[in-house]
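Work out the full structure, taking the sequences as your base and the hints as a guide.
Protein chains: 2
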Amino acid sequence: MTVIYNRVALIGLGLIASSMAHALRQFGLAAEVVGHARSAETRAIAMDIGLCDRVYATAAEAVQGADLVVLAVPVGAMGDLAAEIGPHLKPGATITDVGSVKGAVVEAMAPHMPAGVHFIPGHPIAGTEHSGPRSGFASLFNNRWWLLTPLDGADPAAVARLRALCEGMGANVDEMDVAHHDLVLAVTSHTPHLIAYTMVGVADHMRRVSNSEVIKYSAGGFRDLTRIAASDPVMWRDVFLTNKDAVLDILGRFTEELFVLQRAIRMGDGEHLHAYFTRTRAIRRGIIEAGQDTAAPDFGRVAQNGAKGG
Amino acid sequence: MTVIYNRVALIGLGLIASSMAHALRQFGLAAEVVGHARSAETRAIAMDIGLCDRVYATAAEAVQGADLVVLAVPVGAMGDLAAEIGPHLKPGATITDVGSVKGAVVEAMAPHMPAGVHFIPGHPIAGTEHSGPRSGFASLFNNRWWLLTPLDGADPAAVARLRALCEGMGANVDEMDVAHHDLVLAVTSHTPHLIAYTMVGVADHMRRVSNSEVIKYSAGGFRDLTRIAASDPVMWRDVFLTNKDAVLDILGRFTEELFVLQRAIRMGDGEHLHAYFTRTRAIRRGIIEAGQDTAAPDFGRVAQNGAKGG
Numbered sequence: 000m001t002v003i004y005n006r007v008a009l010i011g012l013g014l015i016a017s018s019m020a021h022a023l024r025q026f027g028l029a030a031e032v033v034g035h036a037r038s039a040e041t042r043a044i045a046m047d048i049g050l051c052d053r054v055y056a057t058a059a060e061a062v063q064g065a066d067l068v069v070l071a072v073p074v075g076a077m078g079d080l081a082a083e084i085g086p087h088l089k090p091g092a093t094i095t096d097v098g099s100v101k102g103a104v105v106e107a108m109a110p111h112m113p114a115g116v117h118f119i120p121g122h123p124i125a126g127t128e129h130s131g132p133r134s135g136f137a138s139l140f141n142n143r144w145w146l147l148t149p150l151d152g153a154d155p156a157a158v159a160r161l162r163a164l165c166e167g168m169g170a171n172v173d174e175m176d177v178a179h180h181d182l183v184l185a186v187t188s189h190t191p192h193l194i195a196y197t198m199v200g201v202a203d204h205m206r207r208v209s210n211s212e213v214i215k216y217s218a219g220g221f222r223d224l225t226r227i228a229a230s231d232p233v234m235w236r237d238v239f240l241t242n243k244d245a246v247l248d249i250l251g252r253f254t255e256e257l258f259v260l261q262r263a264i265r266m267g268d269g270e271h272l273h274a275y276f277t278r279t280r281a282i283r284r285g286i287i288e289a290g291q292d293t294a295a296p297d298f299g300r301v302a303q304n305g306a307k308g309g
Numbered sequence: 000m001t002v003i004y005n006r007v008a009l010i011g012l013g014l015i016a017s018s019m020a021h022a023l024r025q026f027g028l029a030a031e032v033v034g035h036a037r038s039a040e041t042r043a044i045a046m047d048i049g050l051c052d053r054v055y056a057t058a059a060e061a062v063q064g065a066d067l068v069v070l071a072v073p074v075g076a077m078g079d080l081a082a083e084i085g086p087h088l089k090p091g092a093t094i095t096d097v098g099s100v101k102g103a104v105v106e107a108m109a110p111h112m113p114a115g116v117h118f119i120p121g122h123p124i125a126g127t128e129h130s131g132p133r134s135g136f137a138s139l140f141n142n143r144w145w146l147l148t149p150l151d152g153a154d155p156a157a158v159a160r161l162r163a164l165c166e167g168m169g170a171n172v173d174e175m176d177v178a179h180h181d182l183v184l185a186v187t188s189h190t191p192h193l194i195a196y197t198m199v200g201v202a203d204h205m206r207r208v209s210n211s212e213v214i215k216y217s218a219g220g221f222r223d224l225t226r227i228a229a230s231d232p233v234m235w236r237d238v239f240l241t242n243k244d245a246v247l248d249i250l251g252r253f254t255e256e257l258f259v260l261q262r263a264i265r266m267g268d269g270e271h272l273h274a275y276f277t278r279t280r281a282i283r284r285g286i287i288e289a290g291q292d293t294a295a296p297d298f299g300r301v302a303q304n305g306a307k308g309g
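Just so you know, the protein sequences line up as chains D and A, in that order. Just so we're aligned: 3 in numbering that gives the first Met the number 0 is position 4 of the first sequence, and the numbers increase by one with no gaps anywhere. Just so we're aligned: 269 in numbering that gives the first Met the number 0 is position 270 of the second sequence, and the numbers increase by one with no gaps anywhere.
Please keep in mind that the hints were generated in silico from the structure rather than gathered at the bench. Idealized CB from N, CA, C, for every residue including glycine. Do not take every clue at face value.
[Claimed, not checked] Between beta-carbon pairs, the in silico distance windows are:
#1 D:D176 <-> A:R24: 56 to 62 Å
#2 A:R284 <-> D:E288: 31 to 37 Å
#3 D:E288 <-> A:P90: 50 to 56 Å
#4 A:R284 <-> D:A294: 26 to 32 Å
#5 A:D244 <-> D:A39: 51 to 57 Å
#6 D:T57 <-> A:R206: 45 to 51 Å
#7 A:N5 <-> D:I48: 55 to 61 Å
Here's what the structure looks like:
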């Protein structure tokens, strides 16, 4: 691969930025990768594991001279960060973010972007339940979608260059407008996370069923929900606070739908349940055919212990 | 291993029974494994792949002379099946089932059990989203829990023998009473499945977000829910119809809890959300420490395509 940006500055060194650091190096997409994290502990770990060429104590220092700046912090922190670094951005530089919500990020960041800088909001649909500078790995974006939501009047050459970087890390890139992004993500990510958090919370509160029972017998389905309910609390708090309208819209639909199924259970309407459960299988097949999940049983989970009884 | 039952009859040759067939042979727990399935196609596949020593066209024939009979059919089919095979059970035989609901199964089966036969209801907390006679594999029960719910006056020696069989297939065995089982499973399995089915249904019905978008961008969390929402529709219909009271109880709690979070989103109460999301992480850690899931990021899913951009 060829170098696409000479210097890339990663602000916030969590799962996404640390994966980018690994991928940019592995695929030779940047000549230099520098970074900043607010926490001294995170900066120390990043230096210790050699995540970046240089780690700076402030974001303002980190972005100086960078050809691409990537804000990879919780959505609620983007505005203040943009205000801090705006005056230090190199003329002609591109700045993007990786936030899971785009409307609120654009609103918070755009006022701080100087003329002559290309602000192109983005969102890689990739992640795991782990967080922090040690959680990254170069293949995180492989065959995942990276959505870009360029604003009106965005420079096509700057967008194409950022797209090439994402593709260089293995991602597929789509462009869409900011509001549509936030609605699509409310359906495919934000509301699923909220109901997973809720179900885990219900299990945790039950008095007649102990937590140890919930944990022991989780293989019946519950454990699948707990993975996404273990994601970073600050990131998710900000997602729900900033994509409020779309999430409340989808939650309303979810509740309606749940009440219809609940009524079918109460009334003993087996035909309704059967027809509903049959339809949902097709969606799973589509996801597997689209290469967005594995067809292996149980996600291809590996058994935890050595074979017993064998 | 030593043979625990001379002849085992598996009635219904889906995921659970076909996994038992593989495991019983691999671990040498039965001298003979015979089977029956209602569908001629399933019987033909079972014979074709050599799943059992013999496959019978009727359940009544299959159970004759069997030391252990395992009913592995949807919960709603247990009663009629018990009525059919009751007169053909060998005196002193043990009969168990693998249904996900125990109260309704006991109610449906018990009246048909002849004196001198040991009826010991059971439920392996193991499965995948796949079904049918080809979906089984010997390690399905490895380090999974197998719950037995012996009735009042059950013969301790017969229970111990069935327990030894389950343990021989790699499972951990717990005993609990029927009603408690149904409540625990409503929390850890039945309600999680219902909310997963619901969320997948909502995504499928959206008009402003296309199904292809839902599928493409599912890696943000949605795909985790689709796995359990792809499970066998008949089995799950029966679960909800027969564990109605416990499921409606847990659903009521779930909805209350969801409304509290929904209100926090609407009111912008970030502290509440953050505290809630922090608590749910502990449950996930417990599941991993208990060996009921993998700590590998993303369930250890393997990337679908070869590395791109590398």
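Starting from the hint 50 to 56 Å, judge whether the C-beta atoms of E288 of chain D and P90 of chain A obey it.
holds, 52 Å
Is it true that R284 of chain A and E288 of chain D lie within 31 to 37 Å of each other by Cβ?
At 34 Å between Cβs, range holds.
Just to be sure I understand the hint, the distance between the Cβ atoms of T57 of chain D and R206 of chain A should be within 45 to 51 Å; is that true here?
Check passed, 47 Å falls within 45 to 51 Å.
For the range 26 to 32 Å, tell me whether the beta carbons of R284 of chain A and A294 of chain D fit it or not.
With a Cβ separation near 29 Å, R284 of chain A and A294 of chain D satisfy 26 to 32 Å, so the hint holds.
Falls inside 51 to 57 Å, the C-beta gap from D244 of chain A to A39 of chain D?
The hinted range 51 to 57 Å holds for D244 of chain A and A39 of chain D, with Cβ atoms some 54 Å apart.
Between the beta carbons of D176 of chain D and R24 of chain A, is the distance compatible with 56 to 62 Å?
At 58 Å between Cβs, range holds.
Range agreement (Cβ of I48 of chain D with Cβ of N5 of chain A, hint 55 to 61 Å)
holds, 59 Å
In summary, this structure violates none of the numbered hints.
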